[in-house]
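Participant: Taken in sequence, the protein lines are chains A and B. The opening residue of the first sequence carries number 1 in this note's numbering; numbering runs sequentially from there. The opening residue of the second sequence carries number 697 in this note's numbering; numbering runs sequentially from there.
Hints are all accurate, no fakes.
With the C-beta cut set under 7 Å, the calculated list includes, among others, these residues of chain A facing chain B:
# : residue
1 : Gly120
2 : Ile190
3 : Ala213
4 : Ser633
A short list of chain B residues far from chain A (calculated; beta carbon distances all over 12 Å):
#  : residue
5  : Ala703
6  : Thr723
7  : Ala746
8  : Ala751
9  : Thr771
10 : Trp854
11 : Gly907
12 : Val933
13 : Ser1208
By construction, these hints were calculated from the structure, which means they are not laboratory data. Beta carbons: idealized from backbone N, C-alpha and C, even for Gly.
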Amino acid sequence: MANWSDIALATIPAAPLAAAIWCGTVAQVVRRTTAHRPVVLALALSLVAAAYVLFVVVPGSVVDSPAAHSQTTPIETSGESLVKPVSLMASENPASATGEHHGPAHKAYIFEVYRWMSVGGLTVDIVLRADAMTALMLVMVNFVSLLVAIFASSYMHGDKGYPRFFGAMALFVFSMNMLVLAGNFIEVFIFWEAVGLCSYLLIGHWYHKPSAAAAARKAFVVNRIGDFGLMTAIFLIYRTFGSVDFETVLDPTRLAELAAAQPGLITTIALLLLLGAIGKSAQFPLHVWLPDAMEGPTPVSALIHAATMVTAGVYLIARTTPIFVHSPTAQLVVAGVGAITALVAAITALCQYDLKRVLAYSTVSQLGYMFMALGAAAASPALAAHAETFAMFHLLTHAFFKAVLFLAAGSVMHAMGDVIDMRRFSGLRKALPITHITFLCGALALAGFPLLSGFWSKDEILAVVWEATQTGDYKTYFYLILGVGLLTSLLTAFYTFRAYYLTFHGPERFPEEAGHHPHDASPAMAIPLYILAALAVVAGLILGPTHIYAHYIEMTPNFPTAAPAGMNVGMMVLSTILALGGIGLAYTIYGKATRAEYSDARPLNLWENVSLNGLYLDQLYGALIVRPMATLSAVCEFVDRMILDKIVDAVGLIPIIAGGMIRPLQNGLVSSYAAVMLLGVIVALASVLRAIASVT
Amino acid sequence: MTTLVFAMLLLPAIAAVLMLVLDAKATAARARGFALVATVATLILSWSVAYQLPATSQQPGPVTTRWEWRHTWLTLASPAPAPTVVNHEALSPDVARGQSPEESKNPASTSKPQDPSTARSPSGDFINLEFYLGLDGLGMAMILLTTGLCVSAILVSWSEIRERSAEFYAGILILEAGLIGVFLAYDLILFYAFFEFTLLPLFLTIGVWGGPKRRYAAGKFFIYTLAGSLVMLLGLVSLVVETQSLTGISTPFSMPDMARALQDQPLPVETQTILFLLIATGFLIKVPMFPFHTWLPLVHVEAPTAGSVDLAGVLLKLGCYGFLRIAIPMLPDASLTVGQPLVAILAVIGVVYGSLCAYHQTDIKRMVAYSSIAHLGVCMLGLFALNAEGLSGGICMMINHGLATGALFSLVGMIHERYHTRSLTDLGGLASRIPVLSALLVFISFASIGLPGLNGFIGEILSLLGMFQVSAVYAVIGTTGVVLSAWYLLRMVQVGLFGPLREPAGDHSHVSDLTVREGLAIWPLALACLGLGLFPQTLLNLIEPDVKALAVIYQEPDEVIVQKKAAIQPSFAMTSATSIVTSDHAVETISSIQTGERR
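Build out the structure end to end from the sequences listed, making use of the hints.
Facilitator: Right, dumping it as structure tokens:
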């Protein structure tokens, strides 16, 4: 008899999957225009189940409580008696051993679905594994998905591929839920790829547009470069640990032993995992796919390419923190990648004219902040808990404010007849009041305006990096990172409000595609906007300074030991000044600017061009990778057709040539045949005679 | 069971003969209807056989037998006992020449005694020639693949083939019988006969019903693979002779008996190496592996759709199957010391090179042909990892590549039937015109790319995972195929299916989406791709005993392998001592860290 926890866990992926199957089959034929209903219903169900997991299942999964034991499915140990039971490993958690932990040790609640494969020493079970970190992700994913689905039901109204869109979206939510619920690395990889597939399908939703088709392929192929790293990491993990289960691999005691014996191995694994995360989370140098991914419908950009899927890389690194803490090298690389990404993306966002691209680059930049935080633990293992907590916290608040920004941008696009170039409209605040106010909430949160969500989470990240500059061997390095973080903070406030002023202020202008009276968001679009805007404003204040979030995520098994968290007031003041400075700078330049200055005609200077073209990275990759590969491919093809195959043909000629050489012997002259025959007879006779001679 | 197996083997052959004898001038409709009934009946029979197949092997040994039927048709007195060395020279000059001087001077250095009096078992007085059929999980899986793909092959030829229909469908049926025969044959001569026999119907299919350059293509295909097979035949005959003279088994053509005898008493490493190289020549051409692959794109471009489906789906796997049946169980030392590095190098070159070539193609069919080279590279990497993960992965890859590539060729054939071109320069944006067919093409492309949840992934990850345990370098290079396959297949999808509609000149108003008949050909394959992706354990359970039996040969302690390497390369002995020390150390380090659950 299944209990409520199992039912809740199973519902989280099952409901969206059922909706996806419905949309993929039945809704293709009938009920096309109401295809969103089962999806919204399924996501609501998943959200309720996720909330149940958050509030009941995870807090109830305590190691020493007998009640928890009775309702927990023990881990199947695949018949190998040598695998340590989970409870034993969890109790060896250093946090509980040193007694610094706040409450009872928690363990993951695991619901086994089925054995996917078992070959040789490799056993892969499809499980639903819930712990604190998973529960937080689940609630965030399902919550944002639900709102985006409601928004999309109005936004996508009348689209030719309406059921296809909702089918892919439900499939995405299913995959994302499974990704965070995964209990082993191969399961992670399966759904890691599955979200990539959904992203591909949704970017290419309007497949008849060549740009969308190209962007979809680019996203998938660039992601695959990251997947190459993740796959190799899995191979190495399996070779090292003989297992791919989280419970076995992420066991801190064994990892510590291994790190002492083979530090290089741990670093290699960590760097390969990082490569996977870089691809999925659009970090430098693989971030180039994300801006192009904006070719997809805007709700997709909000959900997949801002709030959920792109955070999978951050989630992966946070999840594998027990590995990363043993490799300062890898963590330094994580921080460095994050800092470079944050800065490069912020610079690129400065001069974009496409509103969605500004937001896309800001997503890349904010993900860079999360990486920066995750890497800060290189300075001292004591920082690991803070680093992980605040990266995950920024992930949460970012999901809210970035989703509202994208949905508001979608609302702008909807009203402007699918025009998103900020040079072609302005002064929308009167025509689109709902969109304006919600966008403003999101923009303030993103800019780090005091007391809004982004302020709390970004500030905590900067505080962690500050702490990293105070201890350990890498002080200079982290001062550099901190400088980049602060600079990016200024740039973020600037470009966000540049976009805000260009769109909503100035003289009221609409493109001709919009018609004369643009409509503001319909109720189905407005409600999600309001809810997300409200969360963008208050979520940080509720969860951040109260430490609710930090205390909850500490329940994650194998979570690093947490030191008491304090407020870094100096950093708060500094980041407030930077945020206000950026906003003020944007106001002075764009707040009252005349439109003529930003028309198409104005020639851009060098720096603006560099920023607009994303530091020419696409062109650079084109020249350094894409075109050489195409050339190499042409060369291979030529070698294959003109050299290898011709060699084969040449070998095929040997019998013909050989035959041609012997052919003169068969010249048809009886006299020459007779001569040869005579020769033969002589040889035969000679050998016979010799044989007789030897016998006698 | 026996009746069923024989019915399965003979039904397509008899159907083909009946068709040719009674109704050679049949209309296309009658011929294809008859052929469809015959292949569906064979499919049902094969599934009944699979349903009844026992779960475990009847006898121990590297080649497992879960069902067998053997009939001795000739018993010969064995050759008079003679010193083995003489046998070497008399029967297999190649082998004798290959022996190193030290070896012949000092026979004691070989690992096994060569004195015939001790080597021969009492039963060695007679040699039995047999008709020997057998089945194990591997053979069964391949037969199911064959019977399934043949139904699709008939369905996709439905309107493509308009001339000499009876002959065409008879050819496909004969090919099916031949392929089932290969996978049933447990007798080496029978195996070879069926192996070569499959060439004939395919040769005719390509040469008669193929594209404009069909004669050249058919001739090249036939001669190239036949040349390889003849070298292989030399190897097989020498193998039989060597095995018989070394172990004295009474049934020297029986593959399970040979493998068992050679497991107890392996051939000298030098002999194994030469035999391996001879036998591998045939199989490497058949797979085909770089650089023996150039016949493949040509043949695929010229072959009719059904020919391509059967060729890529099953025929190429004969090479892999041959390695699994003969080289890996019977020549373990050579497979490890020579085969593994050789095949791995060719395979990784094939993966990268095949992918690069595939990217440059404008003909979709040619692109799929090159993708086969890359994917079979991954398959061979798995097989020659020679551990349970890799072998399972390689076998999965054989099945999965068969399904996915068979389906891809079918779909490309359907597009060709509609537009009479397969060129990406003429076609574009087909998703707007034929959405269902395009969706299926995207789906199958993803199966081929190795998207988890679809079948391609299983074979890919297990093969590479297996190879990674042996050599990280080969595995990592092989893994680049993951990126490259997405690169070229999604380019085809982007150009061919997405974007604005582009059709070749002419009126195409009659072009329709997937018909019911085409759906019947393609949906089962697509569903099989999904089913195997979600529940790979069904396939893995079927092949598990066979994989275990093979993997156990190679599960030796590391030191033994090092010593064996030292035996063939005297210079290696210098380094071997240090190797043993380091490997011991590594084993200790790792085992102290892990809980030892791997073994």
